[in-house]
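Student: Read off the chains here:
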Amino acid sequence: MSASPDAPGGPQQAAGPPATGSDDPTVTAIAGRGLSKAFGGVQALRAASFAACAGEVHALVGENGAGKSTFIKLLGGRLQPDSGTILLEDRRIRLSGPADATSRGIGTVFQELTLLPWMSVAENLLIGREPRSSLGLIRRSNLASEAEELLARFGITHIDPRALAAEVSLAERQIIEIARVIIRAPRILLLDEPTSSLVEREVAWLFSRIRELRAAGTAIVFTSHRWNEITSIADRITIFRNGAEVGTFTGIDETEAITLMTGRRVDALYPALPPAPAAASRPPALDLAHAILPGSRPAGSAERAPAELGFSLAPGEILGIGGLAGEGHRELFLGLFGAPPLRRAVIRIDGRPARIAHPSDAIHAGLGIALVPEDRKSEGLLLPLPVRDNLTLPILSRLSFGGVIRSGAERRMTRDIIGSLGIRTPSAAQPVGALSGGNQQKVLVGRWLLAQSRILLLYDVTRGVDVATKHELYELMTRLAGEGRAVLFYSSDTEELAHLCHRVLVLRRGRIAASLAPPALTAEAIVAAAMRETLAV
Amino acid sequence: MNSVPRETPALLPSGVPEDGPAPRRRPIAVHLIGQNIGLILALAILGLSLIIFVGLFAFEQHRLPGNFEVTSSVNNTMPLALAACGQTLVVLTRGIDLSVGGVVDLTNALAAIFLAGSVLHMIIVSVLILLVGAAAGLVNGLVVGLGRLQPIVVTLATLSIFQGLAIRALPQPGGVVPTGYTAVLVNPNVPTALLFVVLAVLGWMALRRSRLGVAIFAVGNDEQSAVALGIRAVRTKIIAYTLAGTLYAAAGLFLAANATSGDATTGDVYTLTSIVAVVLGGVSLFGGRGSAVGAICGAFITTMIVNILFYAHINPLYQSFYEGLFLVIAVVLGSAVGSFARRGR
Numbered sequence: 001m002s003a004s005p006d007a008p009g010g011p012q013q014a015a016g017p018p019a020t021g022s023d024d025p026t027v028t029a030i031a032g033r034g035l036s037k038a039f040g041g042v043q044a045l046r047a048a049s050f051a052a053c054a055g056e057v058h059a060l061v062g063e064n065g066a067g068k069s070t071f072i073k074l075l076g077g078r079l080q081p082d083s084g085t086i087l088l089e090d091r092r093i094r095l096s097g098p099a100d101a102t103s104r105g106i107g108t109v110f111q112e113l114t115l116l117p118w119m120s121v122a123e124n125l126l127i128g129r130e131p132r133s134s135l136g137l138i139r140r141s142n143l144a145s146e147a148e149e150l151l152a153r154f155g156i157t158h159i160d161p162r163a164l165a166a167e168v169s170l171a172e173r174q175i176i177e178i179a180r181v182i183i184r185a186p187r188i189l190l191l192d193e194p195t196s197s198l199v200e201r202e203v204a205w206l207f208s209r210i211r212e213l214r215a216a217g218t219a220i221v222f223t224s225h226r227w228n229e230i231t232s233i234a235d236r237i238t239i240f241r242n243g244a245e246v247g248t249f250t251g252i253d254e255t256e257a258i259t260l261m262t263g264r265r266v267d268a269l270y271p272a273l274p275p276a277p278a279a280a281s282r283p284p285a286l287d288l289a290h291a292i293l294p295g296s297r298p299a300g301s302a303e304r305a306p307a308e309l310g311f312s313l314a315p316g317e318i319l320g321i322g323g324l325a326g327e328g329h330r331e332l333f334l335g336l337f338g339a340p341p342l343r344r345a346v347i348r349i350d351g352r353p354a355r356i357a358h359p360s361d362a363i364h365a366g367l368g369i370a371l372v373p374e375d376r377k378s379e380g381l382l383l384p385l386p387v388r389d390n391l392t393l394p395i396l397s398r399l400s401f402g403g404v405i406r407s408g409a410e411r412r413m414t415r416d417i418i419g420s421l422g423i424r425t426p427s428a429a430q431p432v433g434a435l436s437g438g439n440q441q442k443v444l445v446g447r448w449l450l451a452q453s454r455i456l457l458l459y460d461v462t463r464g465v466d467v468a469t470k471h472e473l474y475e476l477m478t479r480l481a482g483e484g485r486a487v488l489f490y491s492s493d494t495e496e497l498a499h500l501c502h503r504v505l506v507l508r509r510g511r512i513a514a515s516l517a518p519p520a521l522t523a524e525a526i527v528a529a530a531m532r533e534t535l536a537v
Numbered sequence: 001m002n003s004v005p006r007e008t009p010a011l012l013p014s015g016v017p018e019d020g021p022a023p024r025r026r027p028i029a030v031h032l033i034g035q036n037i038g039l040i041l042a043l044a045i046l047g048l049s050l051i052i053f054v055g056l057f058a059f060e061q062h063r064l065p066g067n068f069e070v071t072s073s074v075n076n077t078m079p080l081a082l083a084a085c086g087q088t089l090v091v092l093t094r095g096i097d098l099s100v101g102g103v104v105d106l107t108n109a110l111a112a113i114f115l116a117g118s119v120l121h122m123i124i125v126s127v128l129i130l131l132v133g134a135a136a137g138l139v140n141g142l143v144v145g146l147g148r149l150q151p152i153v154v155t156l157a158t159l160s161i162f163q164g165l166a167i168r169a170l171p172q173p174g175g176v177v178p179t180g181y182t183a184v185l186v187n188p189n190v191p192t193a194l195l196f197v198v199l200a201v202l203g204w205m206a207l208r209r210s211r212l213g214v215a216i217f218a219v220g221n222d223e224q225s226a227v228a229l230g231i232r233a234v235r236t237k238i239i240a241y242t243l244a245g246t247l248y249a250a251a252g253l254f255l256a257a258n259a260t261s262g263d264a265t266t267g268d269v270y271t272l273t274s275i276v277a278v279v280l281g282g283v284s285l286f287g288g289r290g291s292a293v294g295a296i297c298g299a300f301i302t303t304m305i306v307n308i309l310f311y312a313h314i315n316p317l318y319q320s321f322y323e324g325l326f327l328v329i330a331v332v333l334g335s336a337v338g339s340f341a342r343r344g345r
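The listed protein sequences correspond, in order, to chains L and U.
For what it's worth, the numbering used here labels the leading residue of the first sequence as 1, then goes sequentially.
For what it's worth, the numbering used here labels the leading residue of the second sequence as 1, then goes sequentially.
Note that these hints are calculated values from the structure, not bench results.
Just so it is clear, CB atoms sit at the ideal spot from N, CA and C, and this is done for glycine as well.
Where hints are given, some of them may not hold.
Claimed, not checked - Here are the computed distance ranges between Cβ atoms for each label pair:
1. L:Arg211 to U:Val328: 55 to 65 Å
2. U:Gly180 to L:Gln80: 55 to 65 Å
3. L:Arg352 to U:Tyr322: 51 to 61 Å
4. U:Ala135 to L:Ala166: 18 to 28 Å
5. L:Ser141 to U:Gly180: 39 to 49 Å
6. L:Ala166 to U:Phe310: 52 to 62 Å
7. L:Thr259 to U:Ala157: 54 to 64 Å
8. L:Gly403 to U:Ala157: 37 to 47 Å
9. L:Arg412 to U:Ala135: 25 to 35 Å
10. U:His313 to L:Ala166: 25 to 35 Å
11. U:Gln150 to L:Gly403: 26 to 36 Å
12. L:Gly34 to U:Val332: 51 to 61 Å
13. L:Phe401 to U:Ala157: 42 to 52 Å
14. U:Leu202 to L:Ser145: 17 to 27 Å
Unchecked claim - Residues from chain U shown here face chain L by an in silico Cβ test under 8 Å; the list is partial:
15. Ser160
16. Leu212
17. Ala218
18. Ser225
Based on the sequences and whatever the hints tell you, model everything.
Tutor: Structure (structure tokens):
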């Protein structure tokens with residue numbers, strides 16, 4: 001209240017070079033003081049405090065469940081705090097809802113996408129600020145052209161404003177979501193994991209928008225699980241643990257940050273790989289030939305001849321699949337699971353031909369898939385059902401006698417798997433939907449281990465998972481490979497592929513563009529192979 | 001406003017070369033057809049059923065349908081068309097309203113009891129009856145919105161309540177609706193009731209372009225997202241149910257005007273037929289997609305089906321059977337065309 005930051009305005013701008021934009025780091029744009037919030041019996045925030053200044057990018061980092069998203073929802077007016085205060089430019093405010101926050105210049109990109117699927121991109125983008133006629137009615141015929149103009153101003157020309165939101169890709173939806181907030185020119189921009197479904201090029205686009213806004217004096221709060229993103233954009237970093245802040249730093253290295261986030265030391269992010277299985281010692285666990293990946297050909301592809309794909313996966317091997325998004329990885333993983341099957345593919349399991357036309361074939365052939373669809377709202381898990389039911393679903397026939405489930409055996413099995421995978425849940429009766437993302441992944445993996453799958457298809461299992469849980473998943477993967485299971489692993493994080501795989505196949509247009517093994521196996525090599533065509537043309 | 005982008009380089013979609021051709025867009029017409037496929041289908045089915053009806057009629061009567069047939073078809077459809085518009089508003093919010101029949105019964109009975117009188121009296125009573133419908137809808141909306149209860153359960157309960165009130169108000173069929181009132185709403189000689197259809201369509205177009213319309217669609221698309229976008233979902237639902245109740249009351253008035261007397265049970269059918277009309281009209285029962293214009297088409301389609309069955313000399317006892325059959329065929333056709341359109345991208 002005493003020092004109104006915006007009133008004088010000009011002087012600082014004129015005096016200093018506006019290169020970094022952080023004209024006066026002492027001016028607090030938005031702050032939460034001692035914010036607490038509980039959901040049912042779970043205390044998500046315990047008197048957490050955090051402040052962001054005008055003209056800075058402030059990263060909020062922490063494990064899943066540390067309270068970052070809850071904090072952002074409080075600042076964005078989506079939730080009301082149980083106690084504590086929110087300060088906007090040093091004035092206490094109460095936010096009655098998201099609309100109130102928006103009108104006060106607080107723009108939020110929530111972690112869960114909020115696009116309305118059956119409305120057009122333009123309607124979504126302009127909702128609440130549509131062009132109106134003199135009668136006050138929306139000019140529906142002008143929506144698309146206005147949206148097009150606004151998007152173009154932010155360098156987005158490839159998204160058709162007339163398309164329905166449900167028709168555009170997940171990354172495009174994320175970009176629209178971001179654009180919808182930034183076209184309203186917020187003074188405070190809250191971004192909760194805005195990059196989780198973006199590829200590098202799109203992340204670069206977002207970061208240049210963020211830099212523009214920072215130069216214009218916007219306070220930007222940003223969460224991400226990708227450390228390199230945080231270090232490349234953030235001016236300051238605040239670490240959250242267990243619903244409260246640990247501290248705010250201007251420079252901190254990754255291991256130190258992880259230690260602070262988890263409260264325990266993690267020696268190295270990536271565990272040592274078990275030795276690669278000797279070639280031809282045993283028949284490959286999975287051998288795929290002549291597979292044609294359906295669809296997913298980028299627009300404007302002149303090639304019409306179907307590309308064939310084949311590879312083999314040995315027991316004990318972690319085989320990585322890399323490449324840009326939308327090059328057929330998803331179809332490959334789904335296809336190996338029979339949902340829907342791969343066209344004309346010849347699949348051999350342990351050297352014997354296998355026909356996989358349906359997921360039940362895959363399960364009985366000893367395949368297991370821990371598949372995470374691109375949209376995290378639906379996960380192949382039955383979210384309202386308890387952990388136990390989710391774990392034992394595919395093996396119920398084995399667990400039951402005369403149609404009745406032997407609950408003693410079921411309980412024992414689930415207890416063992418929860419223990420051995422380190423699934424963090426209060427009990428086996430907890431609904432899976434109440435677990436964090438990383439622990440939900442572990443339940444999926446556990447399900448297929450119980451089903452005695454010897455081939456695991458792990459599709460982007462670490463996306464949106466916090467560093468500590470990632471580390472646990474890495475250790476789990478290497479342990480499973482060490483036990484002789486074959487692992488096929490796709491990740492949108494090339495660093496992960498480079499560190500966790502014995503071999504990496506880079507897909508491009510449904511073909512293997514490169515097969516990389518140490519020492520040639522590096523994150524840079526994967527990116528280069530994925531982009532080669534783009535660079536060469 | 002429309003300044004050239006500063007130095008912002010164009011963001012390319014993933015998988016597209018930096019200097020390659022820009023990805024092609026689908027023509028505007030494809031978007032328009034794809035996004036209005038339900039309405040287009042409803043219009044097509046209406047056109048088809050009209051042709052069949054006219055053909056049958058000409059074959060039977062050796063002349064084309066004239067003023068009498070058009071007028072009686074329009075007048076008979078008016079109550080359903082209005083009820084279907086109300087049902088559309090509720091269904092768009094991802095709800096469903098089973099209380100339609102009860103509200104039509106109640107307002108129909110009230111009309112038969114109280115309408116007779118001077119012109120001013122009739123106007124005042126009509127407005128009061130519309131308010132009764134609004135109040136009934138408000139009750140639905142408040143319980144659904146504030147109580148966060150399933151619309152199907154709430155409106156099933158209020159259906160019985162409104163039916164009970166209607167029977168209490170008019171235990172025996174009777175009462176009287178002045179002929180002047182009938183002449184204004186459903187003139188038996190000329191299809192002036194079409195004016196009310198035009199009014200309904202204009203009202204729909206205005207709603208579609210209003211803040212409330214956007215909110216109704218947004219809530220039906222995804223309530224959580226709508227709330228995050230600053231839309232007051234509960235208030236939107238309450239308003240939608242209230243408007244719907246008002247339209248059911250209008251349906252009750254038209255029904256009374258058409259029958260020139262009242263009956264506390266004739267409105268019961270509108271619970272189901274309004275849902276049929278909405279489905280035929282291409283409104284998604286999952287909310288957020290559809291048009292009242294489609295629902296009005298749906299109402300006229302059901303009238304046409306009845307007419308066709310009549311002129312095809314099908315035993316009236318089979319009427320329900322064939323109506324159901326037509327509904328199944330129309331819905332299967334609709335979803336087949338819809339999925340074909342999606343695949344055709």
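Student: If a hint holds in the structure, say so; if it does not, say that too.
Tutor: Taking the hints in turn, this is what the structure says about them:
no.: 1; hint: L:Arg211 to U:Val328: 55 to 65 Å; result: holds, 58 Å
no.: 2; hint: U:Gly180 to L:Gln80: 55 to 65 Å; result: holds, 57 Å
no.: 3; hint: L:Arg352 to U:Tyr322: 51 to 61 Å; result: holds, 56 Å
no.: 4; hint: U:Ala135 to L:Ala166: 18 to 28 Å; result: violated, 37 Å
no.: 5; hint: L:Ser141 to U:Gly180: 39 to 49 Å; result: holds, 42 Å
no.: 6; hint: L:Ala166 to U:Phe310: 52 to 62 Å; result: violated, 42 Å
no.: 7; hint: L:Thr259 to U:Ala157: 54 to 64 Å; result: holds, 58 Å
no.: 8; hint: L:Gly403 to U:Ala157: 37 to 47 Å; result: holds, 38 Å
no.: 9; hint: L:Arg412 to U:Ala135: 25 to 35 Å; result: violated, 60 Å
no.: 10; hint: U:His313 to L:Ala166: 25 to 35 Å; result: violated, 47 Å
no.: 11; hint: U:Gln150 to L:Gly403: 26 to 36 Å; result: holds, 32 Å
no.: 12; hint: L:Gly34 to U:Val332: 51 to 61 Å; result: holds, 59 Å
no.: 13; hint: L:Phe401 to U:Ala157: 42 to 52 Å; result: holds, 44 Å
no.: 14; hint: U:Leu202 to L:Ser145: 17 to 27 Å; result: holds, 25 Å
no.: 15; hint: Ser160; result: violated, 31 Å
no.: 16; hint: Leu212; result: violated, 11 Å
no.: 17; hint: Ala218; result: holds, 5 Å
no.: 18; hint: Ser225; result: holds, 4 Å
The structure shown violates the earlier hints numbered 4, 6, 9, 10, 15 and 16.
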